[in-house]
Amino acid sequence: MNAVTFTNGNKKITLTTGSAKEWAAGDKARIYFDLKCDQKRQPVAKFYEVISGATADKTVVREDGRTFAYEYGIDANSGSKRESIDAAMIELAASL
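Numbering (the numbering used here), first residue to last: 35 to 130.
Nothing false has been slipped in among the hints.
Heads up, simulated BS3-like pairs for lysine-lysine below, C-alpha to C-alpha not over 27 Å straight-line:
| # | residue 1 | residue 2 |
| --- | --- | --- |
| 1 | K92 | K62 |
| 2 | K115 | K74 |
| 3 | K70 | K55 |
| 4 | K92 | K46 |
| 5 | K62 | K80 |
| 6 | K80 | K55 |
| 7 | K45 | K74 |
| 8 | K80 | K45 |
| 9 | K74 | K92 |
| 10 | K80 | K115 |
| 11 | K70 | K92 |
| 12 | K46 | K80 |
| 13 | K46 | K74 |
| 14 | K92 | K45 |
| 15 | K80 | K70 |
| 16 | K115 | K70 |
| 17 | K46 | K115 |
| 18 | K115 | K45 |
| 19 | K55 | K92 |
| 20 | K70 | K45 |
| 21 | K70 | K46 |
| 22 | K115 | K92 |
| 23 | K80 | K92 |
| 24 | K74 | K55 |
The calculated label-pair distances, taken between Cβ atoms and stated as ranges, are:
| # | residue 1 | residue 2 | range |
| --- | --- | --- | --- |
| 25 | K55 | A90 | 15 to 21 Å |
| 26 | I85 | T48 | 22 to 28 Å |
| 27 | K46 | S129 | 14 to 20 Å |
| 28 | K45 | G99 | 29 to 35 Å |
| 29 | N44 | A88 | 32 to 38 Å |
| 30 | A88 | S114 | 26 to 32 Å |
| 31 | K45 | E105 | 15 to 21 Å |
| 32 | S112 | S86 | 31 to 37 Å |
| 33 | R116 | T50 | 18 to 24 Å |
| 34 | A88 | K46 | 32 to 38 Å |
| 35 | I108 | A37 | 19 to 25 Å |
If you are wondering where the hints come from, they were derived from the structure by calculation, not from laboratory data. C-beta: ideal position from N, C-alpha, C; glycine also.
Can you make the complete structure from the sequences, with help from the hints?
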């Protein structure tokens with residue numbers, strides 16, 4: 035279980051990875067991580083490792099040859115919030 039804490043707007047948010055679930059279809063394979071958020075509104079909708087295939091998500095983190103992708107959630111409604119989410123997801127991906 036890995037966690038990252040960051041400021042999103044005026045709130046401190048901690049995201050913690052839980053269990054992981056593998057998924058594959060066609061040429062795409064992913065490992066999806068359960069993300070638990072300590073706040074009501076989720077800043078990240080999904081977070082996964084890309085094993086093979088392309089991803090439609092726009093934001094991708096590469097760390098040590100591994101590719102992680104995520105999709106912004108409902109509480110990512112400004113540029114500064116997205117910047118803090120981007121930095122936090124890079125940190126979370128590096129910890130896995």
